[in-house]
Structure formats: C-alpha cells, structure tokens
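> Heads up: the protein sequence lines correspond to chains X and F, in order.
Read left to right, the first sequence gives residues 1 to 70 (this note's numbering).
Read left to right, the second sequence gives residues 1 to 546 (this note's numbering).
Derived from the structure by calculation, the hints contain no laboratory data.
Careful, some of the hints might be misleading.
Unchecked claim - Label-pair distances were calculated between CB atoms; the ranges are:
hint: 1; chain 1: F; residue 1: G154; chain 2: X; residue 2: R59; range: 49 to 55 Å
hint: 2; chain 1: F; residue 1: V63; chain 2: X; residue 2: L51; range: 46 to 52 Å
hint: 3; chain 1: F; residue 1: R365; chain 2: X; residue 2: Q56; range: 19 to 25 Å
hint: 4; chain 1: X; residue 1: L41; chain 2: F; residue 2: V260; range: 43 to 49 Å
Claimed, not checked - Not everything, but these chain X residues come out facing chain F in the computed CB check (under 7 Å):
hint: 5; residue: A31
hint: 6; residue: L32
hint: 7; residue: N43
What the hints assert, rightly or not - Here are some chain X residues the structure puts well away from chain F; computed CB gaps all over 12 Å:
hint: 8; residue: E5
hint: 9; residue: Y15
hint: 10; residue: L18
hint: 11; residue: E53
hint: 12; residue: L63
hint: 13; residue: A68
Each residue gets a CB set at the ideal place from its N, CA and C atoms; glycine is no exception.
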Amino acid sequence: MLNTEPNIAAPDDFYEALLGIHRDLTEAQSALVNARLILLLANHIGDPAVLREAMQAARAGVLADPEAGR
Amino acid sequence: MTAMAAYANPVYPYRRPPELDGAPRHRGVVVIGAGPVGLATAIDLAQRGIPVLVLDDDNTVSVGSRAICYAKRTLEIFDRLGCGETVASKGVGWSVGKVYHGDRLAYQFDLLPESGHRRPAFVNLQQYYLEEYLVERASALAALELRWEHRVVGVAHDDEAVSLRVSTPDGDYELTCDWLVVCDGARSPVRHLLGLDTEGQVFHDRFLIADIRMTSDFPAERRFWFDPPFHPNQSVLLHRQPDNVWRVDFQLGCDADPEVEKQPERILPRLAAMLGPDAEFEIEWASVYTFQCRRMQKFRQGRVFFAGDAAHLVSPFGARGANSGVQDADNLVWKLDLVLRGLAPARLLDTYDDERVAAADDNIRNSTRSTDFITPKSAVSRVFRDAVLGLARDHPFARKLVNSGRLSVPTVLVDSTLNTPDVEPFAGAMVPGAPAADAPVSGAQGHWLLDHLGGTFVLLLFGSGVTASEVRVLAGGDVPCRVVTIGGEAPGALADAAGLVAARYDGTPGACYLFRPDQHVCARWRSFNPLRVRAAIARACARADS
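Please model the entire structure based on the sequences and the hints provided.
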C-alpha cells in the first residue's frame with residue numbers, strides 16, 4: 001500500500017535537493033532528469049500494487065482540478 | 001517495391017481443373033492460400049490422411065523475402081511436418097540480440113541461454129525458400145492437391161456446407177466443401193468477400209525494408225539501433241539471412257513519401273552511411289511499409305476458419321506474424337482431424353477460436369508495446385524512452401525496460417478449457433497449456449523428446465512401475481494415445497541421457513504428462529491412473545462426458 005503519510009525525515013532538505021538536481025538545466029534536460037528519477041524510484045519500489053496506486057494518485061489529482069497544469 | 005533478383009522465383013504449373021470437365025464438385029477440406037500458413041495447414045491435414053485441396057491465386061512463392069525470422073516453436077512444428085531440418089539447415093540460426101543507443105551498446109540478450117534443445121531460438125530464412133520447401137513437402141503427400149492460378153471469387157456458407165466460386169485461366173467453376181480454412185494473407189480477399197473486417201490500431205510511421213546482398217563478417221545476431229549516428233532520430237534493424245543476404249529496416253517517420261523513399265537513389269546513401277563508403281552490396285528487394293495491430297473478432301465462422309495474417313496483424317518487431325500463423329495451423333488441424341473422424345464434437349473447433357484469439361491478443365499486446373517504445377507518439381513518451389535508454393548503459397534494471405521487439409515465444413494456453421487443472425504441485429514451466437520443452441533423449445525413433453510427442457495424444461511416463469495391463473486400459477479408448485516411457489527398465493523406454501527431461505518437467509519417478517496432438521501439455525499427475533488419463537483426454541476433446 002502506498003504510504004502518503006509523512007515519511008521524509010527532513011522535508012525541506014529533500015525539496016531543496018530535488019530542485020537542485022534541475023539547476024542550470026534546459027527544460028528538455030529537466031524533463032529527462034525527472035523521467036530518470038521516476039524510473040529509478042519505481043524500480044526501487046518494485047511492488048506493482050504500490051506503483052499503480054502512486055501512478056493513479058498522480059494522475060487523478062490533475063484530472064480532478066480543472067486549474068491544474070494550466 | 002524494387003526487385004533486382006538474384007533469386008529466381010520458381011513458376012508452378014497451372015493445370016486445368018477437372019471440375020470443368022464434369023468431375024465431382026464436393027470436397028472435405030479446402031485451404032485458400034499456399035503461403036506458409038496455408039501450406040502448414042494442408043501438410044498437417046494430409047499427413048493425417050485427410051484429403052485436402054489448396055487453392056492459390058498465384059503461381060509462385062513469395063516475391064521478395066518478407067517474413068524472415070522463424071522461432072524455435074515454429075521450427076519444432078516444421079519438424080513434425082517433415083521439413084524442419086531443411087529449413088534449419090539452410091537458415092541462419094541465432095539467439096543473441098544487441099541493442100545500441102547512439103553508437104553505444106545499451107543492452108544485449110540471449111534468447112536461448114541453455115543447451116539441450118534441437119532448435120535454436122531463431123532461424124533466419126527468406127520467405128521464398130520457406131515456401132519452396134513447404135511446396136516440396138506438400139507435393140510428396142498423396143492426400144494433398146495444390147492448384148495454382150485458382151482465384152476464389154465467390155464464397156458463401158451455411159450450417160451444411162461452404163460453397164466457392166473459383167476463377168481459372170480456363171474459366172470459372174463452383175465447388176462445395178465441408179470445411180474451409182482461409183490463409184490468404186493480410187489483405188485476405190476471401191475475408192472481404194464474406195464482409196468480415198479486422199479491428200485494431202493503424203500506425204503511421206513509415207519504414208524502409210531493404211534486402212541486400214553483401215559479403216560481410218558481421219556475426220549472425222539481431223542488431224537494433226536507437227538513434228544511430230548513421231540514421232539520426234530513427235531506429236534501424238539488421239538481420240543476417242542465407243546466401244549473404246542482409247535485411248535492413250530503417251524507420252523513416254510519419255512524413256516520409258513512400259514513392260520517393262523506395263527509389264534506389266534514396267536507398268543507396270542510407271545504406272552507405274550505415275555500412276561505410278567502401279561496402280559493396282546490391283539491393284535484392286526493397287519496400288516501404290506501414291503496419292497495423294489488429295484482428296478479426298472471431299477466427300471461426302461456422303464452417304470457415306481464418307488463420308495467419310488473414311485473421312490477425314502485428315508489427316514486424318518481434319517476428320510474431322508468420323510464427324503465430326504457423327502456430328494457428330498447429331492448433332487447428334488436430335481438432336479438425338478429431339471432429340472429421342467423429343471422435344470429438346464440433347464444439348472442439350470453438351476452442352481454436354478461444355486459444356488462438358488469446359494468442360493473437362498476446363502478440364498484439366507485445367507488438368504494440370514494442371511499437372510504442374520504438375516510435376514514441378508524444379513528447380513525454382519520447383522522454384521516457386530516452387531516459388530508459390540512457391539509464392540502461394549503467395543500470396541493469398533499465399535494460400529490462402528497453403523494448404526493441406519482444407521476440408516471438410509461443411503463447412502458454414493457461415486459460416484453455418481443454419486443460420485439466422493440476423491437483424498436485426509441480427515446479428517449472430511445463431504447466432497445463434504450455435508447449436512441450438525439448439530435451440535430448442536416446443531412443444530408436446529420434447534423439448529429441450519432441451520427436452516422440454505430437455500427432456496423437458501422448459502420455460509421457462517417468463520411470464517404470466506401470467503394468468502393461470494398465471497401459472492397455474488406456475490404449476483401449478477410441479481417441480488414439482501413445483504411451484512413451486522415459487527412464488526405468490520398461491522395454492522401449494527412452495533414456496533421459498542428460499537428466500534434462502526430468503529437470504524440465506519436474507519428472508519424479510511415477511509422474512506422467514499428457515500432451516495434446518500439438519505437443520501442448522494438457523494434464524499431469526504425480527502417479528499414473530488410467531481413468532484420470534481417459535477423463536483428461538475426453539476433456540481435451542471437448543467431449544460432454546468429461
């Protein structure tokens with residue numbers, strides 16, 4: 001089951017690091033970095049049920065909000 | 001299509017049909033199309049002693065090489081049809097594939113990493129050679145009549161029979177038959193005559209296929225490039241065929257003009273960029289194509305069956321076209337045989353539809369996934385594709401995601417109603433529905449396990465301990481079933497020389513496997529019980545008493 005409770009010890013550190021990996025990159029490079037990150041994390045998780053839940057949560061939140069992504 | 005033939009197509013003689021001179025006009029089984037699927041169907045029927053008439057609208061084999069990769073399972077079927085050795089010895093065997101991204105090797109796979117199989121993972125062979133060998137085999141069978149330049153121009157069917165109108169250079173004639181097998185290819189004129197369609201997806205990317213003659217020391221392996229320096233932003237596939245013929249397949253994109261791209265002055269620079277300025281080669285055949293992934297809703301329509309490309313279409317990535325067509329024939333013929341002999345009810349024929357539709361869906365799913373990877377349809381799918389290829393250089397997990405075509409493996413018919421579910425635990429891959437795995441044996445009738453399976457039902461017994469009278473009870477059934485013993489002291493028993501039969505089948509002493517006439521497992525037990533075997537055979541024949 002997908003854990004959506006707080007699980008990252010230092011959330012601000014993580015967020016800073018996440019933005020940091022995109023520093024000085026073009027949009028195309030950033031897109032590639034994000035895709036690589038998703039694939040690396042997905043493999044680490046492995047469990048297809050958790051992955052499916054995460055993918056659905058990611059998509060549903062965007063579809064439910066008419067303003068999201070505008 | 002550009003043909004600069006070094007291969008000379010044979011011309012098969014047309015003969016005036018006797019029906020025009022008053023011969024009887026009813027047949028048992030008619031097959032339409034003398035391609036690999038129609039010929040495999042007809043050979044299998046005729047080997048069983050069932051008279052079969054094959055009608056083909058042309059007078060030769062495939063023009064250009066077209067299908068080239070024949071999978072292990074298909075070769076094993078050709079072995080049963082009496083031409084496996086001819087195909088395998090002329091063909092180029094391979095099992096290794098290499099995938100490049102840019103100029104770097106991203107991933108390498110071996111489709112048959114273990115020994116102890118008669119046939120390799122794949123054999124590459126021009127389709128014209130395959131068809132020649134099948135025609136040769138067909139001509140040796142008394143029950144098989146092959147008619148060239150006989151075009152079916154009308155077809156109708158009801159509960160009683162199928163009626164055909166056939167056009168020949170000497171005029172038209174009418175014919176009826178009990179069963180019709182339609183194997184007339186992707187455009188299937190007969191399917192159109194019956195007003196039947198296929199459903200699915202059309203892909204818009206264009207590809208250039210070129211068969212070239214070239215002396216080269218490239219090894220016999222499948223090579224696939226994503227975005228190579230010699231053909232940027234597109235993919236390229238290379239296969240070796242016999243006679244120093246090489247298949248090169250260039251992705252051209254959606255905007256390519258097929259008329260322009262098939263001209264030699266466009267093709268030659270592409271090849272020169274790939275093979276180097278000094279390479280010497282000539283183009284044997286070239287064509288620009290698009291492809292589709294689609295199938296008919298039902299492969300059986302009463303007394304009419306559809307097989308091969310007439311029934312289902314896939315992209316070429318994965319070599320799932322001709323291979324699945326031959327496997328259709330393999331699935332259909334034993335069922336038709338039992339029904340024609342009155343040993344099984346006609347509803348057994350519905351399982352051809354069930355099983356081969358499931359296989360077609362399996363092939364279409366795999367082929368569509370490969371296509372989506374090779375030709376990304378959106379910016380985001382392109383980003384993920386490139387991310388996978390980039391990660392694959394350094395990270396083993398990503399190599400599993402690289403999809404340059406998942407190559408044809410036979411579908412395991414796990415959901416078939418003809419299977420008897422396991423009641424005892426077994427390890428390994430030989431579940432009910434699986435095609436039999438080969439293994440070396442020593443026996444008078446052949447040195448491979450598959451030589452001893454197929455044609456009829458076969459019960460494979462591990463070890464001795466079963467009395468002759470028990471086996472006689474089994475043999476007393478009306479559906480033919482041979483008994484093959486492996487290991488033990490019984491007279492005529494095969495020796496499991498390398499121990500691989502026991503290993504691949506989890507074959508403990510006393511265990512037994514029941515194989516269908518197409519060599520698929522349909523039941524297995526830890527000990528022999530003739531009543532259970534009889535019940536499993538009845539079930540595999542779709543008999544009511546099962």
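> Each of the hints needs a verdict: does it hold here or not?
So, going through the hints one by one against the coordinates:
1. G154/F x R59/X: 49 to 55 Å: holds, 52 Å
2. V63/F x L51/X: 46 to 52 Å: holds, 48 Å
3. R365/F x Q56/X: 19 to 25 Å: holds, 21 Å
4. L41/X x V260/F: 43 to 49 Å: holds, 45 Å
5. A31: Check passed: Cβ of A31/X comes within 5 Å of chain F, closer than 7 Å.
6. L32: At about 6 Å, which falls below the 7 Å cut-off, the nearest Cβ of chain F leaves the hint on L32/X intact, so it holds.
7. N43: holds, 4 Å
8. E5: Label holds. Min Cβ-Cβ 27 Å, cutoff 12 Å.
9. Y15: holds, 22 Å
10. L18: The assertion about L18/X holds, with a minimum of 17 Å to chain F.
11. E53: Consistent with the label, E53/X stays out of reach of chain F, its closest Cβ about 19 Å off (over 12 Å).
12. L63: holds, 16 Å
13. A68: Check passes; 16 Å lies beyond 12 Å.
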